[in-house]
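Full structure from sequences and hints, please.
Below are the chains, spelled out letter by letter.
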Amino acid sequence: MELQKFQYDNKTVKWFAYATMFWGIVGMLAGLLAALQLCIPALNMDLPYTTFGRVRPIHTNAVIFAFVGNGIFMGVYYSLQRLLKARMFSDFLSKVHFFGWQFIIVLAAISLALGKTTGKEYAELEWPIDILITIVWVVFGWNMFGTIIRRRERHLYVAIWFYIATFVTIAMLHIVNSIEIPVSFWKSYSWYAGVQDALVQWWYGHNAVAFFLTTPYLGLMYYFLPKAANRPVYSYRLSIIHFWSLIFIYIWAGPHHLLYTSVPDWAQSLGVVFSIMLIAPSWGGMINGLLTLRGAWDKVREDVVLKFLVVAVTAYGMATFEGPMLSLKNVSAIAHYTDWIVAHVHVGALGWNGFMTFGILYWLIPRLFRVELFSKKLANMHFWIGTLGIVLYAVPMYWSGIMQSLMWKEFTPEGQLKWQFMDTVTKMIPFYATRAIGGSLYLIGAVMMVYNLIKTIKKGSFLANENAEAPALENTVISHGKEHWHRWIERKPVQMMIVSLVVVAIGGIIEFVPTFLVKSNIPTIASVKPYTPLELHGRDIYVREGCYTCHSQMIRPFRSETARYGEYSKAGEFVYDHPFQWGSKRTGPDLARVGGKYPDSWHYNHMLDPTSMSPGSIMPPYPWLFDDQIDVSLTVAKIRAMKRLGVPYPDGYENKAAKDMEQQAKIIAGNLEKDGIRILADREVIALIGYLQRMGTDIKNESKRDTLNK
Amino acid sequence: MIKETQRIMLCYHCGENCENETIHIAEKHFCCQGCKTVYEILNKVELCDYYMMESQPGLSQKTQVRPDKFVFLDDDTLQLKLIHYKDKVQSHVSFYLPQMHCSSCIWLLEHLGKLDKHIIRSQVNFLKKEVSIVFNHQYTSLRKVTELLTAIGYEPHFSLNNLADKPKKNYDKTRIYKIGVTGFCFGNIMLLSFPEYFSLGNMEEKDLQQLFSYLILFLSLPVFFYSASEFFVSAWKSIKQKILNIDAPIAIAILITFGRSLYEILSQTGAGYLDSMSGIVFFMLIGRFFQNKTYNTMAFDRDYTSYFPLGVTLLSENGMEEQIPVSNLKTGQRIKVHSSEIIPADCILFLGKGMIDYSFVSGEAIPVEKHIGEIIYAGGKQTGGALELEVVKDVSQSYLTQLWNNDAFTKAKDTGKSYIHSISKYFTLVLFSIAIASALYWYVHDASRIWNSVTSVLIVACPCALLLSATFTNGNMLRILQKYGFYARNAAVIEQISEADTIVFDKTGTITQQEESAITFTGVQLHYETIQLIRSLVGQSNHPLSKAILQSLPFCKLIPVKNYEELVGLGIRGRVLDHEILMGSSDFINEKIVSTDKGSNVYVKIDNKLLGYYSIQTTYRPGLSELLKELQEKYDISLLSGDNNSEQLKLKKWFRSDLLFNQSPQDKLNYIKKLQAYGKKVIMMGDGLNDAGALKQSDVGIAVTDNINNFSPACDVIMNGNSFSYFNPLLRYCKQNKLIINMSFVISIAYNLIGLYFAVQGQLKPVIAAILMPVSSISIVLFTTGMSSLCSLSLKKAGLKVINKHPKDDTNHTAN
Amino acid sequence: MSVIFILILASLMIAIGFLIAFIWSVKTNQYEDDYTPSVRILFENDVKQDKDDKTKQ
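Chains as they are written, first to last, in this note's numbering: chain A, 1 to 710; chain B, 1 to 816; chain C, 1 to 57.
Be aware that one or more of the hints could be misleading.
[What the hints assert, rightly or not] Under the rule of at most 30 Å between Cα atoms (straight-line distance), these lysine-lysine pairs were calculated in the BS3-like manner: (1) A:K5 / B:K738; (2) C:K48 / B:K36; (3) C:K27 / A:K458; (4) A:K329 / B:K765; (5) B:K173 / C:K48; (6) B:K117 / A:K5; (7) A:K329 / A:K227; (8) A:K459 / C:K48; (9) A:K643 / B:K206; (10) A:K5 / C:K48; (11) B:K653 / B:K738; (12) B:K801 / A:K299; (13) A:K299 / B:K483; (14) B:K28 / C:K48; (15) B:K674 / B:K735; (16) C:K27 / B:K86; (17) C:K27 / A:K455.
Hints listed in this document are in silico derivations from the structure and should not be mistaken for laboratory results. Just so you know, these numbers come straight off a predicted model, no measurement behind them.
In structure tokens, the structure reads:
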């Protein structure tokens with residue numbers, strides 16, 4: 001029997017590498033723009049597509065799913081083949097995966113710019129794209145498991161287990177969180193409402209971080225770090241324990257993103273305890289990574305790749321320590337809604353994911369093109385400028401975050417809030433500026449890398465199909481005759497595995513959703529009524545413009561907040577919110593009880609030119625709301641959808657809706673006219689005003705009965 | 001790290017010095033033809049990356065293997081034993097390769113397919129120094145594969161032991177399953193229990209609460225029925241033997257906990273204690289795993305079979321040579337033993353001159369000369385030329401091997417129940433009395449709370465903490481000791497050591513360095529001419545002593561010797577340059593000398609003038625005298641030597657008590673028995689086959705070896721020779737084990753009391769149990785491991801070096 | 001909070017899936033040797049690449 005000859009597919013790896021570099025730059029540019037908009041509001045350019053509310057989701061989606069996503073696939077496609085001594089299962093699937101993913105990214109960018117969003121952070125993409133994602137993801141899994149089954153190396157290296165975990169969990173998270181009821185091709189409502197939606201969203205949100213930004217990168221670390229250092233991982237046994245202990249309980253985190261919200265206490269505490277427990281496995285990985293380099297620090301001094309990897313792992317350690325700290329209730333009380341959180345995630349994103357990706361690229365490209373790196377000097381410069389960038393980014397954000405939070409909470413001896421919200425905003429500007437500088441340094445570094453790598457590629461010669469040979473896995477296995485399971489799996493076609501997984505997941509959910517959700521959406525506060533059609537439209541505009549990126553809708557039960565915004569939020573108030581819009585950051589003030597606070601005309605002028613009403617505001621103007629008409633064509637569909645979700649509109653209301661809407665619009669237009677403002681009642685701004693004026697009013701004159709937590 | 005800085009040429013293959021620079025390919029130099037050949041083989045198939053990964057990764061090939069050595073592997077019965085899977089085309093076999101030592105080895109051995117395309121795949125298990133090979137037996141054979149391995153410098157280690165069909169040592173799967181399953185269930189049960197605790201038992205969402213408790217119940221089933229089973233089993237066993245071991249109270253606790261929780265959940269009267277239960281089981285399993293972790297790289301129960309060769313050359317009547325497995329050897333058969341091979345059975349020398357090195361068997365330093373007609377006992381190694389022998393006893397019946405028929409071997413050694421078991425007896429009694437007491441109390445005051453309080457008492461008082469303190473202390477100590485080259489068979493051994501009061505040493509190989517004898521001349525000052533005379537004379541003789549002396553003398557031209565004669569057992573004489581020279585025993589040169597130590601002394605008499613004598617002494621391990629001095633203080637120390645008493649005087653200084661020579665293996669065994677009869681707890685330190693009996697009989701048998709991969713007889717501890725002089729600190733460290741365990745007992749008792757405080761009142765909230773359980777367990781784990789690591793600092797202070805087994809950390813590849 | 005039913009069941013489903021995977025991997029001796037694999041991944045692919053396969057980028 002001969003050694004089997006086969007070829008590694010380097011082409012797909014190359015493609016993903018290119019995509020990583022390209023989208024990396026794009027995503028960072030978007031980030032930089034968003035950052036600048038906070039200190040130079042003019043950069044919002046008075047265009048719908050370029051306002052912060054839409055740029056920010058583009059940034060987050062681009063860096064997470066485009067930059068990091070392609071980075072993951074690049075690393076997986078390279079290492080998987082070599083670890084398994086087998087070519088990827090199918091070149092066709094590889095192609096579909098690559099182009100499918102890029103297509104999704106383009107669609108995402110466009111749709112987000114156009115304001116097509118579900119309004120759920122990190123899951124903003126609308127349902128058609130969600131379905132595409134599911135399909136492409138399954139293709140990825142299919143390709144991966146196919147390769148695993150055709151492998152020529154019996155042992156599955158720990159990295160592969162991390163890849164598997166990534167695939168399986170992300171599939172489930174994505175499906176569960178994206179269950180939504182379509183209204184039109186580009187509009188849908190989340191199936192869950194209010195508190196429920198919040199729970200699902202942050203269960204997803206946290207695990208997206210865990211399984212998209214962490215586990216796959218741990219896998220990559222376990223492959224590329226030893227390779228780059230050319231020494232085995234410090235303790236392979238530890239890495240195995242690391243994986244299994246992580247995987248058995250990781251999935252539980254999430255609710256700690258909702259501390260002091262209307263989520264039940266025990267759920268919050270569960271989240272806290274859980275996040276604390278996560279320190280152990282996270283640090284297990286970090287320590288294992290760093291100790292791999294014990295006695296090889298001289299190498300690190302010379303090898304730029306190792307430099308990047310070391311900083312990445314360190315950043316990972318810092319972030320995974322800070323995270324649990326932030327999830328402590330009293331820390332969260334300060335940090336939540338501030339730039340501290342922004343700093344925290346960027347230490348992870350820029351340090352861990354960014355630097356790890358750079359390191360891998362610097363290692364990989366010269367190998368793919370069988371040539372030395374064009375300029376080590378440039379790479380070193382990249383490393384230092386990047387590190388400096390991270391520091392300049394994080395430090396001011398930590399500082400400003402804590403400062404702003406303290407200002408929010410500060411009272412005068414007379415018991416009055418010391419600062420107007422606007423004061424705290426203007427104080428931020430210099431910090432935002434510094435942050436932007438840090439960001440641009442990081443971006444410059446990335447550009448230098450791209451240049452460096454392009455030069456490298458130019459002088460190298462690419463090897464599309466790399467010859468390799470390995471003995472086949474002998475089908476009969478001597479290992480103590482306990483092979484039934486294994487054999488069984490191998491006989492099953494891989495399709496079955498993935499399909500069954502998806503089917504079970506979907507099936508399970510479909511089964512549970514109607515029973516529980518609809519039932520539990522029955523209002524528990526008598527005075528809380530469904531939104532009127534106009535308000536509903538207004539709310540959809542609120543979502544479309546991404547107001548939630550700067551404004552929260554959740555007043556926490558602190559004196560400082562109730563004094564500033566009014567009565568703290570109750571779970572029962574959100575039962576008709578599909579999706580919930582609690583938000584996670586207060587660049588602007590909370591809006592949960594903005595209803596009735598100002599006259600309609602105030603809102604009108606404020607939307608037209610925020611500074612006119614609140615001088616020093618960094619909020620962009622929304623001129624188009626005054627020209628565009630409310631899309632009444634969807635009114636019926638929207639009401640229907642809401643009814644299907646259990647919102648108690650009277651029977652056949654969808655037909656009366658249009659009329660009700662007209663009336664309410666006329667009233668608002670009337671109010672404006674009193675203040676000498678003339679505008680047609682069918683403009684979007686009217687609907688938005690309607691929604692804003694409704695917010696939090698339902699229970700304003702309600703006696704506070706035991707309405708907590710339900 | 002290629003050593004170009006040094007002047008001397010280093011072998012490109014093995015890194016040893018090249019005496020002559022004649023052997024080389026291009027500018028690659030080799031120390032010997034062997035190394036060169038290996039290089040050529042690898043070079044032909046472009047496997048020279050072998051030399052890229054690590055520099056000079058090979059091992060010296062100076063000693064060549066004789067070509068027909070592995071012919072016996074063609075024997076079918078033998079193959080059946082060695083090949084553990086076979087079908088139409090494939091054969092699966094795994095070899096033990098002691099030479100494996102670096103990542104280059106792994107690489108090369110996994111590329112065997114390039115050397116022989118009929119080798120389908122080869123996979124290395126580095127820590128076991130094992131390579132498992134699948135080959136196509138239609139084109140190649142077991143013998144061919146073996147010869148290939150030998151050719152590239154990895155001669156597989158075969159021994160009679162390979163034929164014993166005992167199951168291959170495999171790592172403990174069931175325990176890993178259990179830990180995995182329990183860990184999974186524990187983790188999730190805990191998370192599902194939190195809501196209950198945070199809302200302190202009154203959650204608004206009743207439906208959720210129910211779902212949780214049922215999920216918990218569901219998750220706890222595997223823990224109870226699968227993972228915890230071993231505790232029930234061992235408890236039951238002990239009860240049947242009318243003793244209460246530690247598992248008994250644990251089993252009770254688990255049982256009660258599960259029962260009560262089951263009741264509470266089904267009757268919806270409470271949340272139950274299932275999280276505590278699964279937690280306890282989890283921690284205890286981890287502890288046991290930690291403690292029973294065995295080194296798959298080491299063999300503790302080797303018998304002579306793993307020392308004896310697998311094949312032997314049989315001489316048929318018509319003088320034909322034939323390779324047969326030793327197992328087929330019968331009395332009366334004629335065999336041929338080549339140089340540096342082991343005598344497989346007791347034989348009569350038939351042809352050739354025997355120079356049998358018994359250093360490993362009996363401990364004699366110098367090879368013994370055997371002449372035709374003499375009996376040669378099995379186990380010795382022929383150092384001279386090839387011999388023809390006639391077998392007089394089968395392998396298993398020979399002088400040496402019959403030792404294994406002694407009952408010390410037949411009956412399994414009592415590994416000593418850990419003394420926590422004895423403690424647990426009292427623990428259980430106390431526990432029950434408390435339970436009864438509280439029962440009585442409540443019977444008087446509030447009968448409704450009896451059941452509640454009694455169960456709670458039994459639940460919280462679970463002695464898992466006691467178990468943990470033992471398992472984790474031992475486990476960690478084993479780990480640390482192993483780091484310092486002191487490989488204990490299991491945790492019980494540590495406790496045994498801490499109880500020992502007597503140490504018995506074997507001499508050669510144990511307190512002396514193996515194969516190193518120093519030759520000193522006592523007498524008048526010898527000048528060059530005289531030395532030349534002596535050298536010329538001994539140059540004539542083949543006697544081991546003569547050879548030894550010859551080597552010790554500086555090089556000088558040999559002068560022809562006239563009328564040379566050699567008198568067996570006496571000495572040699574001859575005329576050199578009209579000088580009459582006699583060399584030999586005192587009787588031979590008929591001088592009445594009152595010599596301090598008789599035996600291996602060679603007197604020199606030239607022209608009837610006695611110049612003095614050469615004496616052959618063995619060199620002792622460094623630091624021996626200090627070590628013994630220290631040990632004298634705490635232990636009775638005695639020495640058993642298979643050797644003659646030539647060294648008696650020197651040894652007298654060190655050993656005050658018994659000092660016995662010419663001890664047969666059986667004698668040694670009996671000596672230990674005698675000591676034990678006096679109620680002594682004996683540590684036996686030996687190295688050779690002849691110590692096997694004693695090692696087995698003693699309470700703790702410690703085999704000293706200079707390379708843990710070498711053969712070492714059955715024992716409880718394998719100790720690296722380098723650590724020998726630190727034996728005392730190691731003993732002291734072992735003694736600390738009991739102390740640590742007792743201290744942690746105190747802690748665990750404290751926790752139990754807290755628990756009992758709530759329990760006896762009949763109000764043990766699940767949350768309290770759920771807090772107590774992990775807190776106590778974790779603090780015990782931290783304390784014990786912490787303390788045992790802390791104590792190990794004394795070892796570092798004593799100057800012990802950590803022994804590292806991983807290739808990347810190997811600095812010199814020529815080692816071992 | 002009935003949505004928690006879904007989250008828990010989904011999470012548990014996955015977790016159990018991985019438990020099975022764990023049992024499989026132990027059964028098939030994935031972890032019999034927990035050292036050599038970490039060295040094995042360091043070996044570079046040493047097969048000679050034939051020239052014509054080059055495609056200038």
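Structure versus earlier hints, numbers of those that do not hold, lowest first: Numbers 1, 3, 5, 7, 11, 17, in rising order.
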